[in-house]
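Listed below are the residues making up each chain.
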Amino acid sequence: MDGISITLQHYLFLAALLFSLGVFGVLVRRNALVVFMSVELMLNASNLTFLAFARDAGMDVGHLPALFVIAVAAAEAAIGLAIIIAVFRSRGTVNVDDIRTMRL
Amino acid sequence: MLTLPTLTSTDFLPLWPALILSAGACLVLLSEVFLSSASRSFQPLLTVIATVLGALVAAATVFSVPTGVFGGFVVLDPFGSLVSLVICIGVGLSALLAPAFLRGRQAERGEFYALLLFGGAGMSLLVLSNELIFLFINLEILSIATYALAAYLRRGPRPAEAGFKYFILGAFSSAVLLYGAALLFGATRSTLLPQMGAELARIFTDPTLSDRQPLAYCGLALIGAGFGFKIAAVPFHMWTPDVYEGAPTPVTAMMSAAVKAAAFAAMVRVFLVLGRGIPGDALLTGFSTLAFLTMIGGNLLALPQRNVKRMLAYSSISHAGYLLVGVASLFVKSGTTKGGVLGVTALAAGATPDTAGALRGILFYLLAYTVTTVGAFGVLGALERRDDEVRGFAWDLDRLAGLAQRKPAWAVAMAVFMLSLGGIPPMAGFMGKLLIFRSAVDAGLVGLVIVGVLTSAVGAYYYLRVVVYMYMRPAPEAGGLPERNLSTELALVLSTVAVVVLGVLPGITGTWLSRGGSVFLGR
Amino acid sequence: MTTFLFYFFAILTVVAAAGVIAARSPMYSAMSLVGTFFCLAAIYALLLAHTIAVLQVLVYAGAIMVLFLFVIMLLSLGEAVGPAKVTFPRVVGGIASAVLFAFLVVAARPFVPVGAQPPPSFGTLQSIGAQLYTQWLAPFEAVSLRVLVARVGAVVVAKSRV
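Protein chains in written order, with numbering that gives the first Met the number 0: chain A, 0 to 103; chain B, 0 to 522; chain C, 0 to 161.
What the hints contain is simulated information worked out from the structure, not anything from laboratory work.
Facing chain B, a subset of chain C residues (Cβ under 8 Å, in silico):
hint, residue
1, 105
2, 136
3, 141
All values reported here derive from a predicted model rather than from experimental measurement. The beta-carbon is built from N, C-alpha and C at its ideal position, and this holds for glycine as well.
Using the sequences and the hints, build the whole thing.
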């Protein structure tokens with residue numbers, strides 16, 4: 000890394016930062032939608048890692064996981080948002096903190 | 000230029016259980032469209048038929064030669080077939096519990112059974128996955144079905160919240176697992192497990208590739224953490240009690256029986272195939288630590304619970320701990336001296352690790368735990384009434400008081416399940432523990448086994464407390480009894496018989512289990 | 000040029016991702032997430048993953064985010080909540096994520112890039128499609144099953160009765 004050219008590490012560090020940000024969001028945010036968005040950040044970090052390694056190895060087989068993750072994320076968004084709507088209907092809130100009928 | 004893959008009937012052989020379950024799910028869904036009357040009693044029947052067919056097909060493939068099909072993405076091996084069989088049994092028994100439960104809440108819908116079957120298909124595919132992305136997708140199939148089932152009942156806040164918590168934790172753990180897979184892909188250039196295993200072996204022997212070792216460790220740790228959430232191992236267990244308590248009881252039964260078995264089997268396959276190339280005690284240390292924490296944590300948390308459903312949730316955590324002892328003993332290397340956590344002692348002189356024996360123990364335990372836990376949740380589900388769910392003591396110990404006078408047969412069944420969960424002979428749970436602990440002792444994990452036996456003794460306290468309440472406490476005056484239901488009673492009878500027979504005559508599974516030790520490892 | 004583009008989009012990605020976490024209103028979070036997805040698509044293009052970059056914009060920034068925004072507006076969750084407070088769980092979460100990041104960086108740092116020259120067909124729709132329908136047939140079929148299950152599940156969860 001001579002500071003000028005962009006190496007694989009740059010992409011990996013960016014992915015690691017995105018992943019950690021996503022974990023941070025899941026850990027600290029109380030709004031269910033934002034928590035879910037943080038999970039999306041984590042999935043994107045995985046995608047970036049796959050693509051960076053695929054580029055480095057010159058093998059585009061690493062693109063297929065990214066493709067499948069996008070498909071999976073779309074389906075997950077459908078069910079996740081449906082559950083969030085269901086929670087909102089029964090509780091009137093999507094805040095994780097307010098959802099404490101059940102003990103921890 | 001483009002050569003299409005040629006698929007033979009062998010390629011589809013391992014997929015048949017999943018195909019049958021999905022077809023059954025589609026049939027149930029379609030029946031909902033053309034249904035005019037309110038009669039839905041054929042739907043559970045259809046579900047059970049699908050699971051029985053799936054179980055038969057899975058059983059038929061137990062004796063086939065281990066091989067990789069679909070370009071190596073799917074495996075056909077006895078281990079996978081046997082776990083598929085266990086999954087079909089678990090889903091089928093849970094489906095038998097559902098009709099009475101749903102009727103009591105006017106919530107009979109075909110979608111419920113369809114999701115059960117779809118979940119079963121996902122689980123069956125999961126244990127056959129030999130590639131991380133395929134595994135991830137199948138994990139998501141079963142998770143999605145389970146999220147929806149957990150949130151199925153819409154009255155009262157609990158089910159929606161259970162689905163919600165399960166979803167958030169499930170999505171999070173899937174993302175963690177996927178990131179681990181991405182890091183391992185970077186280290187090994189592949190997502191096919193056998194190739195990754197071979198490449199990992201190269202990374203840890205070839206000094207020119209040593210720069211990839213940290214990445215490999217990191218990836219394995221993240222994958223392990225992802226699976227830790229799925230199997231509810233301490234410290235990744237915090238979602239379990241709430242989700243198990245909030246979900247409809249037949250769904251809880253399926254989660255604790257089939258979902259857990261599937262996740263466990265997938266984890267065993269991943270780490271068994273990848274772990275061949277990893278030197279030293281890294282995996283052994285990791286799994287022993289998890290086993291230690293999970294056995295202690297699960298049992299101690301279950302101890303003060305008066306809520307039987309929550310107690311069973313914590314108990315499922317502790318059983319994951321016992322299973323993890325078996326998993327840990329898979330990774331004892333013959334050269335291991337000591338130095339791991341908890342006095343990992345040396346293998347007996349000249350002994351080689353008995354991987355097949357440990358796998359047999361795990362398989363038997365999964366089967367025994369599946370039939371036991373479905374039965375226990377079945378009794379609970381049959382006793383609970385709709386109105387007290389909201390008030391929150393539907394599953395209090397007092398609800399079981401005097402059950403022996405009110406419903407002697409149910410009390411006997413529940414006592415059998417509790418004894419089996421507590422690992423008291425002559426029940427199936429005892430044999431399972433015996434097999435697992437024996438292979439762990441053979442592998443030299445004496446320290447872990449001692450912890451396991453001690454925590455089992457702790458566990459016996461809260462399991463036997465249930466028996467004491469059923470037999471020695473007077474029944475409450477206003478103890479309305481649930482009406483009889485054929486399918487519930489069938490499920491209870493089947494699981495009671497299975498628990499007793501597996502405990503008394505474990506040899507009947509012998510020839511099958513002896514096959515189960517063989518896992519397809521790839522080239 | 001690549002250097003400039005990488006830093007430009009990387010910084011934008013991180014800023015937008017931080018915005019997702021920090022925004023006081025879910026609406027701002029969602030808009031930041033759209034920004035993250037767009038910048039990531041540009042970075043994917045830098046990695047010669049053109050097909051995935053297009054899909055990222057179409058599916059992620061397009062379809063999935065519309066779903067998010069739809070739910071936010073349906074439930075009228077757009078209002079901002081109070082200012083962020085530094086609480087104990089947040090500090091712990093921050094430390095945990097920072098430690099995780101440090102671990103990931105330490106793990107990725109020694110990795111020696113291969114720097115292989117990608118073939119001309121690298122990342123083209125044709126190359127990806129060919130692999131998708133040959134070797135990757137099993138996951139492809141599994142995804143179709145998954146979409147079906149998600150649809151049934153979403154209908155079951157979101158229906159108002161039962």
